[in-house]
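Can you build the whole structure from these sequences, using the hints too?
So you can see what is in the structure, the chains are spelled out below.
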Amino acid sequence: MNKPIRVVSVFCLVLFLALLVNASYLMYVRADSLSDDPRNRRIITATFSRERGAILVGKEAIARSVPSDDKYKFQRTYSQPFKYAPITGYFSWYGQTGVESSQNAVLAGDDSRLFVTRLVDMLSNSDPKGGNVQLTADAAAQDAAWAGLEGLPGDAQGAVVALEPTTGRVLAMASTPTFDPNKLASHDFGAVAELSKELNADPREPLINRAIGTTLPPGSTFKLVTAAAAIESGNYDADSQVPGGYRFKLPQSTTTVGNYDGGNCGGRRITLTQALQVSCNVTFMSLANELGVEAMTEQAEAFGFNDTSLEDLGGQAESLYPPDLDPPQTALSGIGQSSVTATPLQMAMVAAAIANDGDVMRPYVVDEVRAANLSVLDRTDPQTISKAISSTTAEELTTMMVATVDSGTATPAQIPGVQVAGKTGTAQSTADRPPYAWFVSFAPADDPQVAVAVLVQSSDTSRSEIGGGRLGGPIAKSVMEAVINQ
Amino acid sequence: MSQTGTLMGFVHRRRRGAELFLLVLALAVGIGAYAAVGLGVEGVVPADLVGYGSWLTALIVAAHITVRIVAPYADPVLLPLVAALNGLGLAVIRRLDLTYEALGQSDTFARQQLTWMTLGVILFIVTLVLLRDHRVLQRFTYTAGLLGILLLILPFLPVIGREINGARIWINVAGFSFQPGEVAKVLLVIAFAGYLVLHRDALALAGRRVVFIDLPRGRDLGPILAMFGVSMMILVLQNDLGSSLLFFGLFLTMLYVATERPGWLVVGGLLFGAGALAAYTFVGNVQNRFNFWLHPMDYYDASPGSYQLVEALFGQGWGGLIGRGFGNGFPERVPFAYSDFIVSTIGEELGLTAIMAIILCYGLIVERALRIALISRDGFGKLLAVGLGAIVALQVFVVIGGVTGLIPLTGLTTPFLSYGGSSLVANWVIVALLLRVSDQARRPAPRLDPVDEAGSDSESTQVVKLR
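The listed protein sequences derive, respectively, from chains A and B. Residue numbering for the first sequence follows this note's numbering, beginning at -6 and increasing consecutively. Residue numbering for the second sequence follows this note's numbering, beginning at 16 and increasing consecutively.
Bear in mind the hints are in silico, worked out from the structure with no lab data behind them.
Cβ-Cβ distance ranges computed for the label pairs, FRET-style:
1) B:LEU292 <-> A:ASP300: 56 to 62 angstroms
2) B:LEU54 <-> A:GLY144: 53 to 59 angstroms
3) B:ASP313 <-> A:ASP374: 42 to 48 angstroms
4) B:ILE168 <-> A:VAL22: 41 to 47 angstroms
5) A:VAL59 <-> B:THR123: 36 to 42 angstroms
6) A:LEU10 <-> B:ASP216: 30 to 36 angstroms
Keep in mind it's a predicted model, so treat the numbers as computed, not measured. Where a beta carbon is used, it is the ideal one built from N, C-alpha and C, also for glycine.
What follows is the structure, encoded as structure tokens:
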């Protein structure tokens, strides 16, 4: 009977080998896909009950986990909830957004860069601790941006983005209306679900980070792009004579479009500088018409349109310059109308590129990633995305923007003793909605430290060209002052 | 005579010292795991560690001393293996108890399991002491078979039969729940071994030859058809896929070993295929389990659904290579984590490493059983050891394979680990029987010394001295 016993032994060996192989497959190979299953409450509970790393601005932890005495052990708290909500996002039982989401692996302690820390935690049998995330945000600039938005009249909706032109660091990013991440991080999951439903249904869209998630016609601020394209073409400089006048007749059409104030911009032929100073629609429509859709698309894309650039924060919408505009649309695009749309971040990038000799830097919000023991794991290096314009073009545009602030439409952004470069914008939407007020600027003009874009959608914005300057100018000014005065 | 001498030239050593050393390691596993549970879940070494450890040690030492006295040549590896598994199982059940206690659920599984283990060890000792020669069991071939069938029928009796979780495999006597099927499987192995060792020659007669394999004769199909019928009955009436598979697989293996005819495997395989197909077509439960196995993620929220299996898979995946550590997982999310799904609990908190160790332990138990069968000198002993080994192998494969998603899930307990009195007691008896057979097998062959050299001739009666 020994022969069949040996056969049975081999058969049993096969059975047990199959068990070993399958267990290894399940617990090693398949483990990751099981962890990614959204129904896996173990993963959710574990990350929710872990001592999550802090999110820091300067030396202050704006988001951190404090011990709680319920079964989840830790409660996420936000020290300045509304002000930083667009950047931090929220961390709730049901999910995360913002930096809480983009840096989740580090904050939760699962990131591969934390491997050594994890190993030490494991060997010392202590609970794993998440790493900390240092933001690029500047507390003073963010304070100024938030105060400016809060000070807007009425039921205002708006956003502010401030960039460091030479690096792309996001110094400030605020949006209103916004939400309280503390309430969403509550351990009372019923209330969280209820609140989350409310926030999602709110027509004012408080969960959207308007600074990067809302695209609207950029209006006259887009004239910077048109002017850049004109100077880059080689046919124009700041002192070139360009068409002014009362109205511009769109090509292939009988429609004529005038200036905001109904004026003639100071004559039939004016300098390019003067055209920007008074934000002359006729000039920039005629320039866009002359340059054509290809040159305009190329220039817009060089500044970052038709693409997303932010890699460490989710929710960025693509700013659009459609490359297939017909000639009348192309002419209108020259003044930021037609189907051209931009996020405040995109317009800040345009200003920052002009301030930075034409180099477009990739914007980023995460400066450093640190382990729980404060050792630096990773630091974001500034990265040039593209060369939008030559440095001479940048110089010409800067001069023109300074003139606009000194004696043009952008006077509200003047800072005593500092040269400021800026441009206003008031974009028309439909007749029944108020226009959008835009303001982009950077300062000091000779050594730019900060570039700002402000967007205000407010019920009582006047339809005059001054609107953008009147509402956005002071906010931009206070943000720039906050950075310069440090 | 001289031929016997050369054949038996190799004499097995007793190796009791080795067994004792391995038992110390096994106790370290059991008691260490119990301490680790306290540390992991509650942050302190359990207050009753000394009492618990002493009790466990007393049981194991009692078993060891019994083996020393009544089965000195028995295999030295088996007892330490089951002691380690039983100890680990107790600790894991205790770990679940602590969580169930916090949740306000029933939390006395570990205490009951320890009681059952005590009973199991007592039966282990009784079996070894009373049964000095396993061949005695051959006398009870038909008694054991009849008793086994009777035990299988017990759950259908009106007063004592109980249906728990859809399977009618329980009886309830004086407040104690018992699965008679667990005892029946030991009795059936004895019955099969006794029957097959007598009838193996007849059953081995070749019938028609088809593609190199001699099929059995048609008139010999009676026993296998009867066993097939019993298996299908268990499946249909008791709704117990696991036991059905276990009994039929067990019989088939023993039949093959007894007759040395692969033809029986072909016949058995065909029957099994037909049975499985019929079960799949007509028994909704079987179809469900098949679907849950193929697409577990699709039935997570369904009822009946694959919630239990998917939670077990989530848990084991989360455990990863080295596990979360005692107290850091959520094994209570898996229903029946303390019994059928204890392997997923171990996978979650102790990781792939522990799962592999456990599978290897079971593999070693099966290997020792088959080795005992190889060296056993009598056909009955061989068949008995093969049968007992096959029970463990099939049960482990079906349970661990089911819990890790290798094969469709069937309800069976994991030997020595799972909570469950009937199973634990029956498994201790299985080990006692294996040790008894191995003691006989490893014992030096009786010296066939003629008593009187001078007076011996071919005519006279030879007196042999049996040690």
